[in-house]
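There are 2 protein chains.
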Amino acid sequence: MTSTRERILDTALALFNRHGERRVTTNHIAAELAISPGNLYYHFRNKTEIVSELFRRYEARVEAFLQVPVGRALTWQDKVAYLEAILQNMWQARFFHRELGHLLDADEHLRRRYADFARRSLDQGLQVYCGLRHAGLLEATDEELESLLVNTWVLIASWTGFVHALVPGERLDEELDRTLLRQGIYQIICLEAPYLRGEALEHLDTMKDAYRQGSHSTLELLFE
Amino acid sequence: MTSTRERILDTALALFNRHGERRVTTNHIAAELAISPGNLYYHFRNKTEIVSELFRRYEARVEAFLQVPVGRALTWQDKVAYLEAILQNMWQARFFHRELGHLLDADEHLRRRYADFARRSLDQGLQVYCGLRHAGLLEATDEELESLLVNTWVLIASWTGFVHALVPGERLDEELDRTLLRQGIYQIICLEAPYLRGEALEHLDTMKDAYRQGSHSTLELLFE
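Taken in order, these protein sequences are the chains called A and B. Start counting the first sequence at 1; every next residue gets the next number (the numbering used here). Start counting the second sequence at 1; every next residue gets the next number (the numbering used here).
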């Protein structure tokens with residue numbers, strides 16, 4: 001049975017993702033769970049602690065998938081699995097990316113943890129890109145690989161904010177939000193496309209088709 | 001002689017860029033100008049009106065430079081001029097990009113104007129990319145051109161936020177802020193690099209060298 005602590009975290013995450021972290025109070029979370037505010041405070045002193053713990057979960061998930069398998073070369077299916085993991089994590093923690101600047105401004109400790117997380121993840125990401133290059137799925141100089149990595153990171157971290165800046169809230173229901181997030185993965189594929197080789201290049205159109213919304217371009221989806 | 005209205009706008013912009021829009025009140029602006037709050041209110045009813053007018057200036061500048069010259073083909077020097085204009089505008093309105101989500105959440109009217117501005121700018125940007133392609137400086141399919149445009153836009157709009165999320169405030173003085181902004185232009189050049197042809201490709205290293213901070217990679221600058 002799920003503990004109250006875990007249920008608070010799951011419920012807070014769902015509410016933050018749906019309404020934005022700023023619009024949700026600890027009272028909203030307690031009410032949604034039908035527990036008393038006192039019971040919630042027993043587990044978390046305030047919303048900052050809840051956000052902090054949700055970030056820890058997110059961090060652990062990213063660290064777990066952003067690994068190069070030991071003892072075998074990477075394949076194009078690994079490449080797809082990385083993209084899929086990025087998508088799932090962007091979706092699950094979309095409140096976090098949407099309000100990153102605000103959340104970091106509100107919590108100096110979280111800011112330091114986020115910078116550490118970014119440094120580690122960028123380092124792991126570079127290992128993955130090197131692994132793809134080693135497997136002949138990517139061709140790029142060290143300089144190209146590093147600039148590609150930074151651009152991919154900025155795209156992943158900023159995509160949700162980009163969408164929310166351009167699509168009015170009343171149009172952005174959960175379905176469109178999910179469609180546009182998949183379109184963000186398509187944009188990452190386009191970023192990497194010029195460097196793909198071998199099997200990865202052969203499957204470029206397959207990968208694009210899997211994430212692009214039909215024949216619609218990103219701009220059409222945003223401004224329809 | 002500069003009008004009081006213009007002086008208020010210039011001073012507000014300088015303070016917003018230095019301290020962040022949220023930390024600056026209309027009283028701070030009046031004090032910096034050595035005018036009474038009443039005098040300021042005569043020109044602007046509140047900070048929202050000041051932000052709105054600063055955005056109008058920014059919009060006008062972007063619209064002015066993001067044009068394809070009539071009656072002649074684009075050159076690689078035009079390409080450099082676009083990059084330089086992007087840099088200047090990112091620098092001048094850096095408070096805006098740093099706190100975009102917050103500013104749009106606080107002002108529904110600004111949100112609509114920003115979406116219109118993005119739509120028009122992306123349209124103009126596509127014309128510029130088509131012009132570069134027409135001049136033989138870029139080779140890309142329509143699909144590649146549009147995804148490149150979206151990725152460039154996200155990079156420009158998100159770069160300042162990316163830097164501020166990763167570099168602690170006490171390390172980020174004006175000099176490092178400016179260095180990292182130039183590094184953002186280098187990242188845009190890297191984004192476009194695989195598609196460059198002719199004169200633009202011949203000058204790729206020149207363009208990179210003009211914006212990159214020596215031999216330092218972006219990650220070294222961020223996490224040194």
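By construction, these hints were calculated from the structure, which means they are not laboratory data. These numbers come from a predicted model, not from an experiment. Check each hint, because a few of them may be wrong.
Copies of the same chain look alike in the list, so a pair counts if it fits in one copy or across any two.
In silico SDA-like links for lysine to any residue, alpha-carbon gap of 20 Å or less [what the hints assert, rightly or not]: (1) Lys208 x Arg113; (2) Lys208 x Glu143; (3) Lys47 x Glu220; (4) Lys208 x Pro194.
So, going through the hints one by one against the coordinates:
1. Taking the shortest Cα distances, Lys208 and Arg113 never come within 20 Å of each other, neither inside one copy (34 Å) nor across copies (32 Å).
2. Only between protomers do Lys208 and Glu143 lie at most 20 Å apart by alpha-carbon distance; the minimum there is 11 Å, versus 25 Å within a single protomer.
3. Taking the shortest alpha-carbon separations for Lys47 and Glu220, neither the intra-copy value of 38 Å nor the inter-copy value of 34 Å comes in at or below 20 Å.
4. When the C-alpha separation of Lys208 and Pro194 is checked against a cutoff of 20 Å, the pair qualifies both within a copy, at 13 Å, and between copies, at 18 Å.
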